[in-house]
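K.L.:
Now for the letters of each chain:
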Amino acid sequence: MSDKTKFARQFIEAIPHSRDLGMVLEEIEEGVATISMPYDQRLIGDPETGVISGGAVSALMDTCCGAAVISHPANGGATATLDLRIDYMRAATPGQSLVTTATCYHVTRSVAFVRATAWDDDRDNPVASATGAFTVEGKR
Amino acid sequence: MKRPEPVQVIKQRRDAALAALVGGVPYIQYLDLRFDRRGDELTGVLPYNDKLIGNPMLPALHGGVTAAFLELTAVVTLSWAYLWEDIESGALEIDPSVAMPRLPKTVDFTVDYLRSGLPRDAYARARINRSGRRYASVHVEAWQDHRSKLFAQGTGHFVMPQART
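In order, the protein sequences belong to chains C and G.
For reference, each letter of the first sequence is one residue, going 1 to 140 in the numbering used here.
For reference, each letter of the second sequence is one residue, going 1 to 165 in the numbering used here.
None of these hints come from the bench; they were simulated from the model.
The structure displayed is predicted, hence computed values, not measured ones.
Glycine included, C-beta positions come from ideal geometry on N, C-alpha and C.
A few of these clues could be false.
[To be verified] Listed below are the simulated BS3-like cross-link pairs for lysine-lysine, each with C-alpha atoms no more than 30 Å apart in a straight line:
| no. | chain 1 | residue 1 | chain 2 | residue 2 |
| --- | --- | --- | --- | --- |
| 1 | G | Lys-105 | C | Lys-6 |
| 2 | G | Lys-51 | G | Lys-105 |
| 3 | G | Lys-149 | G | Lys-2 |
| 4 | C | Lys-4 | G | Lys-51 |
[What the hints assert, rightly or not] Beyond 12 Å from chain C on every Cβ pair, some chain G residues (computed):
| no. | residue |
| --- | --- |
| 5 | Glu-5 |
| 6 | Trp-84 |
| 7 | Ser-89 |
Construct the entire structure; sequences and hints are all you get.
P.N.:
Structure, rendered in structure tokens:
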């Protein structure tokens, strides 16, 4: 594991809100990150169906996009979200974990552009997708 | 002319409706998100909590928390506006044993992060720019210490709940 990947892993695993939601960093390598989040009763947005809130999906997407940026070789340190758009394609199936993969597909001196997709157990039909712009820090 | 209802009766009915709308959603409870009401105007209030931090070095609120706060404020404000007439007329029965109408479904939501969220309470207000029978477009602004210094804003599109048949 490179120092960069190690730094990214430590950084992501130390985020209080992500820990509180039980997020697990599954994979991280040079601008691509995969994070899972277990189903949890606390995240329910529709009590009638048990479907988790879009807000909880946002938290997962934002964390994963940030992780992809931090792990990118061209980024020197941490990052902050400039903007994030999320499309909610369907309700996540209650009881199933969500898994998100984010790819940092372009980086300039100041901005990183990221795309992400989230799935539950049905890998053929994404639950949500996201695109965002994040800050880039100079190399230290 | 009919005498206006006593103010306590009106307030009690409106507050009960708001509590029923918000109280049944576990994620709103998890975030400890509350809603202040002045007449029909709602302000989302997110009290600071350590578990909401996304960058412990600054420290700053998690971008996902900010997104969730904006989106929930938008969806609750939209639902509240949609139910308002039925709450006022008494057509909507507020009974803890009867589920409230479903919240609108988010189609997409975009958040602009204008400055980092400080480790303090945050406030948000939504404006419904377009609300039709099926779709709605809502803009929402969030601030902390200064009302004029937004730390985030968002726009979302929603599908309105269809009447149960």
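K.L.:
Would you mind marking each hint as holding or not holding in the structure?
P.N.:
Okay, the hints, checked on the actual structure:
1. G:Lys-105 with C:Lys-6: Distance ~39 Å between G:Lys-105 and C:Lys-6 Cα, so the pair is violated.
2. G:Lys-51 with G:Lys-105: Since the Cα atoms of G:Lys-51 and G:Lys-105 sit roughly 26 Å apart, the hinted pair holds (cutoff 30 Å).
3. G:Lys-149 with G:Lys-2: This hinted pair is violated, its Cα atoms lying about 45 Å apart.
4. C:Lys-4 with G:Lys-51: Status holds; Cα separation ~26 Å.
5. Glu-5: 30 Å, holds
6. Trp-84: 21 Å, holds
7. Ser-89: The claim stands: G:Ser-89 keeps its Cβ more than 12 Å from every Cβ of chain C (closest is about 24 Å).
The structure does not agree with the numbered hints 1 and 3 stated previously, though it agrees with the rest.
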